[in-house]
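Keeping their order, the protein sequence lines are chains F and L. FYI, in my numbering the residues of the first sequence are 1 to 302. FYI, in my numbering the residues of the second sequence are 1 to 552.
Simulated from the structure, these hints should not be mistaken for laboratory data. Positions of the beta carbon are idealized from the N, C-alpha and C atoms, including for glycine. Careful: at least some of the hints might be erroneous.
[Claimed, not checked] Heads up, simulated SDA-like pairs for lysine to any residue below, C-alpha to C-alpha not over 20 angstroms straight-line:
no., chain 1, residue 1, chain 2, residue 2
1, L, Lys258, L, Gly105
2, F, Lys226, F, His263
3, L, Lys212, L, His233
4, L, Lys8, L, Val123
5, F, Lys129, L, Gln301
6, F, Lys129, L, Asp97
7, F, Lys226, F, Asp279
8, L, Lys258, F, Ser135
9, L, Lys258, F, Asn137
10, F, Lys129, L, Ser179
11, F, Lys129, L, Arg389
12, F, Lys128, L, Glu299
13, L, Lys258, L, Ser179
[What the hints assert, rightly or not] Simulated coverage check for chain F against chain L, where a stretch passes if three residues somewhere in it have a Cβ under 8 angstroms from a Cβ of chain L:
no., region
14, 53-64
15, 76-90
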Amino acid sequence: MSEQVTIHTEGLTKHYGDVRALVDLDLDIYRGEVFGFLGPNGAGKTTMIRTILDEIRPTAGWASILGFDTHRQSVEIRRHIGYVPGDLAMYPNLTGRDTLTYFANLRGGVDWDYVDELSDRLDADLSKKIGDLSSGNRQKVGLIQAFMNRPEVLLMDEPSSGLDPLVQREFQAMTREVVARGRTVFLSSHTLSEVQRIADRVGIIRHGRLIAVEAVAALRSKAIRKVDLYFDRPIDGARLEPVPGVRDVVVQNHHVTLSFDGHMEALLKVATDGQTLVDITTQEADLEEIFLTYYRDEEAGG
Amino acid sequence: MLATVLTKTVRDRWKAMAIGTVSLAVMLLFGMSVYRDIDLSLYTDLPEAWRALINIPDSADAASLAYGAIYEFYGALTLAALALSMGSASIAGEERDGTLGLLLGNPTSRTAVLASKAGSMLVLTAVGALLLWGAGYIVPAMLGVEVAGMQVGALVFHMFVNALFYGLLAMAIGAWTGSRGLASGTAVGIMVVSFFAVGLLPLVPGLEGLAKAFPWYYFNGSDPVTGGVSWPHAAVLLTGCALFVMAAVVGVNRRDLKSQTVGVALVDRLRSNPLTKSVADRLAGSTRVSRIWIKTASEHQGLLFVTAALMFFMMGVLIGPMYTAIEDAFGNIADEFPEAVMALVGNGDMSTPEGWYQVETFGLMAPIAVMVVSIAIGARALAGEEANRTMGLLLANPISRSAIVLEKAFAMVLYALAVGAATFVGVGLGSLLGGLGMNMFNIAATSLLATLLGLVFGALALAVSAGVGRVRIAIFVPVGAALTFHLLNAFLPLSDSLAGYARWSPFYYYLTSDPLVNGMPWGHGAVLAGLAIGLVAGSVVLFGRRDLRQTS
Numbered sequence: 001m002s003e004q005v006t007i008h009t010e011g012l013t014k015h016y017g018d019v020r021a022l023v024d025l026d027l028d029i030y031r032g033e034v035f036g037f038l039g040p041n042g043a044g045k046t047t048m049i050r051t052i053l054d055e056i057r058p059t060a061g062w063a064s065i066l067g068f069d070t071h072r073q074s075v076e077i078r079r080h081i082g083y084v085p086g087d088l089a090m091y092p093n094l095t096g097r098d099t100l101t102y103f104a105n106l107r108g109g110v111d112w113d114y115v116d117e118l119s120d121r122l123d124a125d126l127s128k129k130i131g132d133l134s135s136g137n138r139q140k141v142g143l144i145q146a147f148m149n150r151p152e153v154l155l156m157d158e159p160s161s162g163l164d165p166l167v168q169r170e171f172q173a174m175t176r177e178v179v180a181r182g183r184t185v186f187l188s189s190h191t192l193s194e195v196q197r198i199a200d201r202v203g204i205i206r207h208g209r210l211i212a213v214e215a216v217a218a219l220r221s222k223a224i225r226k227v228d229l230y231f232d233r234p235i236d237g238a239r240l241e242p243v244p245g246v247r248d249v250v251v252q253n254h255h256v257t258l259s260f261d262g263h264m265e266a267l268l269k270v271a272t273d274g275q276t277l278v279d280i281t282t283q284e285a286d287l288e289e290i291f292l293t294y295y296r297d298e299e300a301g302g
Numbered sequence: 001m002l003a004t005v006l007t008k009t010v011r012d013r014w015k016a017m018a019i020g021t022v023s024l025a026v027m028l029l030f031g032m033s034v035y036r037d038i039d040l041s042l043y044t045d046l047p048e049a050w051r052a053l054i055n056i057p058d059s060a061d062a063a064s065l066a067y068g069a070i071y072e073f074y075g076a077l078t079l080a081a082l083a084l085s086m087g088s089a090s091i092a093g094e095e096r097d098g099t100l101g102l103l104l105g106n107p108t109s110r111t112a113v114l115a116s117k118a119g120s121m122l123v124l125t126a127v128g129a130l131l132l133w134g135a136g137y138i139v140p141a142m143l144g145v146e147v148a149g150m151q152v153g154a155l156v157f158h159m160f161v162n163a164l165f166y167g168l169l170a171m172a173i174g175a176w177t178g179s180r181g182l183a184s185g186t187a188v189g190i191m192v193v194s195f196f197a198v199g200l201l202p203l204v205p206g207l208e209g210l211a212k213a214f215p216w217y218y219f220n221g222s223d224p225v226t227g228g229v230s231w232p233h234a235a236v237l238l239t240g241c242a243l244f245v246m247a248a249v250v251g252v253n254r255r256d257l258k259s260q261t262v263g264v265a266l267v268d269r270l271r272s273n274p275l276t277k278s279v280a281d282r283l284a285g286s287t288r289v290s291r292i293w294i295k296t297a298s299e300h301q302g303l304l305f306v307t308a309a310l311m312f313f314m315m316g317v318l319i320g321p322m323y324t325a326i327e328d329a330f331g332n333i334a335d336e337f338p339e340a341v342m343a344l345v346g347n348g349d350m351s352t353p354e355g356w357y358q359v360e361t362f363g364l365m366a367p368i369a370v371m372v373v374s375i376a377i378g379a380r381a382l383a384g385e386e387a388n389r390t391m392g393l394l395l396a397n398p399i400s401r402s403a404i405v406l407e408k409a410f411a412m413v414l415y416a417l418a419v420g421a422a423t424f425v426g427v428g429l430g431s432l433l434g435g436l437g438m439n440m441f442n443i444a445a446t447s448l449l450a451t452l453l454g455l456v457f458g459a460l461a462l463a464v465s466a467g468v469g470r471v472r473i474a475i476f477v478p479v480g481a482a483l484t485f486h487l488l489n490a491f492l493p494l495s496d497s498l499a500g501y502a503r504w505s506p507f508y509y510y511l512t513s514d515p516l517v518n519g520m521p522w523g524h525g526a527v528l529a530g531l532a533i534g535l536v537a538g539s540v541v542l543f544g545r546r547d548l549r550q551t552s
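Isolated chain F (complex conformation) (with noise of 0.2 angstroms):
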């Protein structure tokens, strides 16, 4: 990978009267990563992304893309850019390919081929009027417009919503595929399990601030596991709460349940202490659970 940063945000700041969407950004996305932007709905994605793409002007701070201005260079990124917008709408009364044919026409030297190509990986019916076809393939649609011009960088807002899973997959390597040729890809979320398939990095963002950001691996590598202890009887929970590492301890009669980042010969002492354990079972975390564990300590601690 590169260290070629393709979007540089400094400051960036936008409030909506005393509404505070975005606060003081600061982000580096380099070249041929897939970067994932994650949070709640309402957590200033969506802001963040029509700030960069100049539909709306930040209050403070600036940001570039490929070292241009997003304001006042704004018609020059948006001829390396695709962009898929969350909550996709397009020209109802227009047939997908009509749709495309336009939007090619507004940028020039668009390669059929591709598109074609793309369609058929989507599975898409570029044939019927966009006000006909169902949210999902309306998105696909989206897609093909975004990836037809082999742009520099993609954008995409929420870009799976809609689509089955096959198809979700399906764009999941179309977009690998674009950032092994050293392209770049920017997608928000707020589905963990996505950003955990295709990013390489994800930033967290929650109520207008970036609170983290982390590689995937590097996630990963926090060695959260989720531990289930089962006993012979019912057991009090409160007894394992002490043990240094564990976490969301749930009792279920002889079942508990726990996340724990810590020895696992404490956690054994205490369990086998006066009861009888008689079974175990431990498995890695994925994202989510570390994610939530990970997100509510920033949380308290910011």
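Start from chain F and add chain L according to the hints.
Chain L only, in chain F's frame:
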């Protein structure tokens, strides 16, 4: 009936009704104060046929003239148009927005939803009528104008029933077809045709009785302001209302509901017809989406077609021979015409072909036609794409915001010119057919002036659209401005001391120089063109500055 649906619809719609009635009250105040101050003796000398056409009762005084011009003309049309817009949106509007399914996901029947919508229309129209009734008393009291013997309550009641008639007609059409555009278009068409028929037919000897076939006759045929409520006439309209309600209930229950309707453009219809397919494909396919201005233009082709056809045929070709037919009705009265009376319809001397065309075609209809088309494009140009959430996608392409504004403005200018050209060709043909021998260059000049005047308000719509990003405001502002400026230009010259201020109205630069007789007033044309260009330039600046709206 569902109280919540009713209240919500009332809440969504009350502003338009409030703005409409308050403007009418202000217009009444304005009109009555002007009529109070001028010498009215000239009105009484008018021939009978004339007074009938422009709603001037036999005993012309300030009050009856003002009621006639403001309430019977503007008021009746406005109230009916407001009811009509509610009626056409009632079921079809929720279908278009894709919200009807959600609404019917609740335990409510289609009939109940329809009834609630009709109820809200009834409530708002009644409130509007009550406000107008109140204003009809307060205004003369404020001005000290004598209104004894005037039955403004009866007039307003007739206006109310008349408005319900067109509102429910639109509702019935919308309930049957699910198309809001079709519902409002058809109902407006019926309203306008019947309005003109009732005004013009009595002038043609032998055809006087035909007016009774048109619903507008039952609104003011009985002259309610002096004669009081005519129950037989009101009963005709109310019977129509009852029939429309029944039709709407049957219609909405028998068909499949649409989810988020897709507008079918004219070209799409031609495309599905095997006879026209190959030509239409060329028009509709790759050409339609080749440029922003072409796409913008293609979205309004139906509106252009209807407007241009109306101007060409009804207002152009037909009017010429009609002049020859009814010339006698006016007799030899050329010198008797008080120009003041004609101010509202364009100051034409109707004893000449030029004056006739000025009153019938150019005075009101030509600028209205150009305005309808150019305001429709101008208002939706930018705000429409924002409301439909397509602006973000459009602006993700390497085009500057200024280029988008200019391309949209170009489509607007092109369509305005097309309406102007249709008017020119229609009037030219009408003059030839009627053997009126009008000067073709002057017809062209007047058509061009009408186009430029319409474009001023279209460009104002574009500027509001660019600055605010809301379609409804971008329609209201230029329409309100056009009405105000039209009235200023019509009424101010009636008063000697205020006449000079008429120059501040764009309408002043349209017909003041009598272009049908005197040819192109280049200076006036330049003022209008300059205004339009200035507003487009302003749009570019305004749109470049602001944050785009994400939702409607």
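Hint by hint, here is what the structure shows:
Note on Lys258/L and Gly105/L: the hinted pairing holds, with a Cα-Cα distance of about 14 angstroms set against a maximum of 20 angstroms. Under the criterion of a C-alpha separation no larger than 20 angstroms, the hint pairing Lys226/F with His263/F is consistent with the structure, at around 13 angstroms. Taking the CA atoms of Lys212/L and His233/L, the gap is near 10 angstroms; set against the 20 angstroms cutoff, the hint holds. Restraint check for Lys8/L and Val123/L: the C-alpha separation of about 12 angstroms stays at or below 20 angstroms, so the hint holds.
Distance restraint check for Lys129/F and Gln301/L: the Cα-Cα separation of roughly 18 angstroms lies within the 20 angstroms cut-off, and the hinted pair is therefore satisfied. Only pairs whose Cα atoms come within 20 angstroms are accepted, and Lys129/F paired with Asp97/L is accepted, the gap being roughly 17 angstroms. This hinted pair checks out: Lys226/F and Asp279/F have alpha carbons roughly 14 angstroms apart, not beyond 20 angstroms. Among the hinted pairs, Lys258/L with Ser135/F is consistent with the structure: their alpha-carbon atoms are about 16 angstroms apart, no more than 20 angstroms.
Proposed proximity of Lys258/L and Asn137/F is supported: the alpha carbons are some 19 angstroms apart, at most 20 angstroms. Annotation: proposed proximity of Lys129/F to Ser179/L holds, straight-line Cα distance about 18 angstroms (limit 20 angstroms). A distance of roughly 17 angstroms separates the Cα atoms of Lys129/F and Arg389/L; the hinted pair therefore holds under the 20 angstroms criterion. Our distance criterion of 20 angstroms between C-alpha atoms is met by Lys128/F and Glu299/L, whose separation comes to about 18 angstroms.
Proximity of Lys258/L to Ser179/L is assessed by CA-CA distance (about 9 angstroms); at most 20 angstroms being required, the pair is judged to hold. Counting residues of the region 53-64 of chain F whose beta-carbon sits less than 8 angstroms from any beta-carbon of chain L gives 5, enough to reach three: the coverage restraint holds. Counting residues of the region 76-90 of chain F whose C-beta sits closer than 8 angstroms to any C-beta of chain L gives 11, which meets the bar of three, so the coverage hint holds.
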